[in-house]
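Participant: Each chain, written out:
Protein chains: 2
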Amino acid sequence: MDGVSGFVEEAGVFYERLGLSRTEGRVMGWLLSAPEDSADAPRLCGEMAVAKSSMSVALRRLEQVGLVERFRRPGERRDRYRLAEDVFEQAFRAKMAEFDRFRGLAERGLAVVGDDPARRARLELMRDMYGFMAERFPLLLDEWDRVKEERRR
Amino acid sequence: MDGVSGFVEEAGVFYERLGLSRTEGRVMGWLLSAPEDSADAPRLCGEMAVAKSSMSVALRRLEQVGLVERFRRPGERRDRYRLAEDVFEQAFRAKMAEFDRFRGLAERGLAVVGDDPARRARLELMRDMYGFMAERFPLLLDEWDRVKEERRR
DNA sequence: CCCCTTGTTCGGAATGATCCGAACAAAGCG
DNA sequence: CGCTTTGTTCGGATCATTCCGAACAAGGGG
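Protein chains in written order, with full-length UniProt numbering: chain C, 1 to 153; chain F, 1 to 153.
Among these hints, one or two may not hold up.
Identical copies go unnamed one by one, so any copy, or any two together, can satisfy a pair.
For lysine to any residue, the following SDA-like pairs were computed, each having C-alpha atoms within a straight-line distance of at most 20 Å [stated by the list, open to error]:
#1 K52 to D40
#2 K95 to R136
#3 K52 to L125
#4 K148 to M48
Rather than coming from a laboratory, the hints here were simulated on the basis of the structure.
Please take these sequences and the hints and turn them into a complete structure.
Facilitator: This is the structure in structure tokens:
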């Protein structure tokens, strides 16, 4: 209870800001702080008082985004859900993709703007900066992998 | 009219995904591709067919977020608006702040979760990773500044 | 002192997203 | 073949956000 359900709720509004729905965010929060490392749908429904239909779409979307994995133990009849092995890395990659879409937007802008240099300068800067970031981000992830390994010892 | 208005609209939905409103996003798009580097409110209202009340709140919020600057030429009676000098950098810093809030969320989780190691491990990983990113991000911005200067020559 | 311009605030309408309960599809078991 | 369990889809209700038009404040000429 208690502190935990507060945390779940907080995670809900948190992830909501990132484009997930409230319940999707709550599921993330619950799984992040869960006693077990996976749960089935009825459990999650009861845990956060949500209709199973809503839970169905929430889980499916979390799965599609790559934050949650769906699996089934052999012989079992219902699916179970757990955080993807690389949830955080996944979230970062999503951010990176966002950067790349920004670069794309800048390029679309350059395509429609004329050739007035002053007008192009801003968009070129935008394209270059987001391009730079999209390029460097994977390296940062690699570096994190190394640091993580190092800290583990 | 033309490609440009299409671009403005596209920018609208783009920035909407980032938490701005549609019209706020359109303003960003218009300023990004504008012939002049600033505009006043009536101009923007006419340009994208929006009530001046809506434009008022949109501009104020863009100003508060730091994406747009409000200024007035001496002797003039109405405000003008332009993209902040460091729009993109500003946007990146906002992202970084987001990372830091994530780290905070992880810490709140650690505070409410017990001391079951398995349960703490995930949240600790989350805290460390977002902490790492929040730490490295400013360096990336510095690096971009250098690269930008270098390319300029 | 009055009026005109500029910008903000307020109440209500419209739009969109989310969520629920119920109906539906699929699949395994007896 | 039924029956049960599990998961998805659908229509409608609810809720939040956005936007508009009108009223309101502030300030600067004349």
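Participant: None of the hints should be skipped; say for each whether it holds.
Facilitator: Results of checking the hints against the structure:
1. K52 to D40: within (11 Å within a copy, 51 Å between copies)
2. K95 to R136: both (13 Å within a copy, 15 Å between copies)
3. K52 to L125: neither (48 Å within a copy, 31 Å between copies)
4. K148 to M48: Close neither inside one copy (33 Å) nor across copies (49 Å); limit 20 Å.
The structure does not agree with the numbered hints 3 and 4 stated previously, though it agrees with the rest.
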